[in-house]
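First to last, the protein sequences are chains S, H and C.
Going by the working numbering, the first sequence opens with residue 3, and the numbers climb by one from there.
Going by the working numbering, the second sequence opens with residue 3, and the numbers climb by one from there.
Going by the working numbering, the third sequence opens with residue 3, and the numbers climb by one from there.
Careful, some of the hints might be misleading.
Pairs involving identical chains hold if they fit within one copy or between any two copies, as the list cannot separate such chains.
As a list, the in silico SDA-like pairs of lysine to any residue whose alpha-carbon atoms are at most 20 Å apart [as the list claims (entries may be wrong)]:
id, residue 1, residue 2
1, Lys-14, Ser-106
2, Lys-95, Met-3
3, Lys-18, Ala-64
4, Lys-66, Pro-104
5, Lys-38, Ala-64
By construction, these hints were calculated from the structure, which means they are not laboratory data.
Note that the coordinates shown come from a computational prediction; the quantities given were computed from them, not determined experimentally.
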Amino acid sequence: MELRKVTAIIRKDALKPVEKILQDMGVTGISVTQVKGYGEYADTYTKDWLVTHARIEIFTSAEKAEPIAEAVMGAAHTGCEGDGIIAILPVLKLYRIRSRAPASPDEV
Amino acid sequence: MELRKVTAIIRKDALKPVEKILQDMGVTGISVTQVKGYGEYADTYTKDWLVTHARIEIFTSAEKAEPIAEAVMGAAHTGCEGDGIIAILPVLKLYRIRSRAPASPDEV
Amino acid sequence: MELRKVTAIIRKDALKPVEKILQDMGVTGISVTQVKGYGEYADTYTKDWLVTHARIEIFTSAEKAEPIAEAVMGAAHTGCEGDGIIAILPVLKLYRIRSRAPASPDEV
Numbered sequence: 003m004e005l006r007k008v009t010a011i012i013r014k015d016a017l018k019p020v021e022k023i024l025q026d027m028g029v030t031g032i033s034v035t036q037v038k039g040y041g042e043y044a045d046t047y048t049k050d051w052l053v054t055h056a057r058i059e060i061f062t063s064a065e066k067a068e069p070i071a072e073a074v075m076g077a078a079h080t081g082c083e084g085d086g087i088i089a090i091l092p093v094l095k096l097y098r099i100r101s102r103a104p105a106s107p108d109e110v
Numbered sequence: 003m004e005l006r007k008v009t010a011i012i013r014k015d016a017l018k019p020v021e022k023i024l025q026d027m028g029v030t031g032i033s034v035t036q037v038k039g040y041g042e043y044a045d046t047y048t049k050d051w052l053v054t055h056a057r058i059e060i061f062t063s064a065e066k067a068e069p070i071a072e073a074v075m076g077a078a079h080t081g082c083e084g085d086g087i088i089a090i091l092p093v094l095k096l097y098r099i100r101s102r103a104p105a106s107p108d109e110v
Numbered sequence: 003m004e005l006r007k008v009t010a011i012i013r014k015d016a017l018k019p020v021e022k023i024l025q026d027m028g029v030t031g032i033s034v035t036q037v038k039g040y041g042e043y044a045d046t047y048t049k050d051w052l053v054t055h056a057r058i059e060i061f062t063s064a065e066k067a068e069p070i071a072e073a074v075m076g077a078a079h080t081g082c083e084g085d086g087i088i089a090i091l092p093v094l095k096l097y098r099i100r101s102r103a104p105a106s107p108d109e110v
């Protein structure tokens with residue numbers, strides 16, 4: 003089983019709808035962190051031009067990575083600058099700590 | 003030298019024993035962030051079903067990645083849902099800023 | 003177009019000069035998070051030997067990854083322990099949520 007990491011950096015406002023769609027798709031695990039950054043849109047009114055976004059990380063199978071990216075784009079898209087980005091990275095191994103074993107195909 | 007990134011998402015309670023075992027193994031650097039997420043276990047009592055875990059990132063050599071994953075699994079395992087996951091990702095280059103040079107094999 | 007993720011873990015003091023040089027280079031997007039960690043330098047005066055650093059993540063093209071790493075090293079280097087590290091990881095796909103399309107070469 004080929005594995006992927008999907009990283010999405012989205013508007014904080016988009017977090018709830020994105021979480022909702024991922025749960026509806028049966029995505030079994032996500033991690034969320036708050037990040038500061040600048041992208042196409044830089045908030046020139048803040049001292050350091052940085053705006054706050056949410057970063058979501060999902061470890062999944064190669065087959066599900068693109069559908070997840072599409073779903074996140076659908077839920078997080080406004081068409082304005084600052085919508086964020088999604089990256090898909092290769093993952094070599096994925097272990098589930100509870101079972102001390104590699105994650106099985108139906109788990110990711 | 004082939005390089006890897008080991009990412010472990012573990013219970014916050016497991017952070018101290020995991021840090022301890024990594025230091026005992028001679029792991030020379032780790033980064034820790036707090037993440038919110040949901041996995042096998044979703045805390046239905048919180049407003050947004052998200053639980054807080056710790057994420058540890060370690061940049062290391064390919065040979066040490068599996069022993070590090072095993073050690074983290076050993077220290078973070080409870081057998082219950084919510085134990086978390088460990089992922090191993092490929093890394094192409096690793097630089098040490100102090101020396102402005104690639105990290106040497108004995109450093110990672 | 004081959005894609006990369008550049009992750010730099012630097013002193014918090016180095017964040018401003020690093021952001022400055024990246025903007026001057028035309029880097030169109032960065033994400034910043036605060037991380038705790040230990041590396042070559044462990045602050046033995048804190049309870050848990052962890053020091054706080056800034057982590058910068060940049061998604062870019064393969065050609066720009068090395069120049070970005072060089073620039074970050076130049077701006078973040080003090081020559082002392084605790085300067086941090088820079089890693090370059092492979093990225094398979096990069097989407098811009100605003101356009102719901104893969105990022106174009108001149109955007110990364």
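Violated hints - listed by number, lowest first
1, 3 and 5
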